[in-house]
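Enquirer: Sequence:
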Amino acid sequence: MNDQVNMDELARKVAQAQHHADLNYHNSLSAELEDANKKEIDLQRSLDENVSECRRLNEIIKRAQTAIDSRQRQAGFDRASLKSLRRHIATMKDEIDRANGELQ
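For the sequence shown, the working numbering begins at 1385 and goes up steadily by one.
By construction, these hints were calculated from the structure, which means they are not laboratory data. Each hint should be verified, as a subset may be incorrect.
In silico EDC-like links for lysine to aspartate or glutamate, alpha-carbon gap of 16 Å or less [unchecked claim]:
hint : residue 1 : residue 2
1    : Lys1477   : Glu1424
2    : Lys1446   : Asp1481
3    : Lys1446   : Asp1478
Label pairs and their in silico Cβ distance ranges [unchecked claim]:
hint : residue 1 : residue 2 : range
4    : Asn1421   : Asp1481   : 27 to 33 Å
5    : Thr1475   : Asp1419   : 37 to 43 Å
6    : Ala1420   : Asn1484   : 24 to 30 Å
7    : Gln1388   : Tyr1409   : 29 to 35 Å
8    : Leu1413   : Ala1451   : 34 to 40 Å
As the structure is a prediction and not an experimental result, all values here were calculated from the model. Ideal Cβ positions, reconstructed from N, Cα and C, are used throughout, including at glycine.
Based on the provided sequences and hints, a complete structural model is requested.
Expert: Below, the structure written as structure tokens:
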């Protein structure tokens, strides 16, 4: 009978240890999931900020192109300078669009 009591006590301790191990594993997974969710939120926020910055830069480029067109009509820019400036703005716009595409 004493052996049976010892076996029952041992089985209870094993079950208790298994329960604690399961709780620790669950808590560990929960913490990892929470960390992953926080990182995902931070990445999404950063992505949103970068996309917003690309949009803002595109608006600046559009205004610059409009200003160039207006000045050309008003003052008659020499074509070489105007062409060079337009090429530079187009390159900036392409770089912003490419960065925006990589972010999305």
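Enquirer: For each hint, tell me whether it holds in the structure or not.
Expert: These are the hints, each one checked on the structure:
Simply put, lysine 1477 and glutamate 1424 have alpha-carbon atoms about 29 Å apart, too far for the 16 Å limit, and the pair is violated. Between the alpha carbons of lysine 1446 and aspartate 1481 the distance comes to roughly 13 Å, so the proposed pair stays at or under 16 Å and holds. With a C-alpha separation of about 13 Å, the suggested pair lysine 1446 and aspartate 1478 falls inside the 16 Å cut-off, and the hint holds. Between asparagine 1421 and aspartate 1481 the beta carbon distance is about 31 Å. The supplied range of 27 to 33 Å therefore holds.
Taken as a hint, the range 37 to 43 Å holds for the pair threonine 1475 and aspartate 1419, whose Cβ atoms sit roughly 41 Å apart. A beta carbon spacing of about 26 Å between alanine 1420 and asparagine 1484 agrees with the range 24 to 30 Å that was offered as a hint. Checked against the given bound of 29 to 35 Å, the beta carbons of glutamine 1388 and tyrosine 1409, roughly 31 Å apart, stay inside it. At roughly 57 Å, the beta carbons of leucine 1413 and alanine 1451 sit outside the given window of 34 to 40 Å.
Hint compliance for this structure: hints 1, 8 are not met, and every other hint is.
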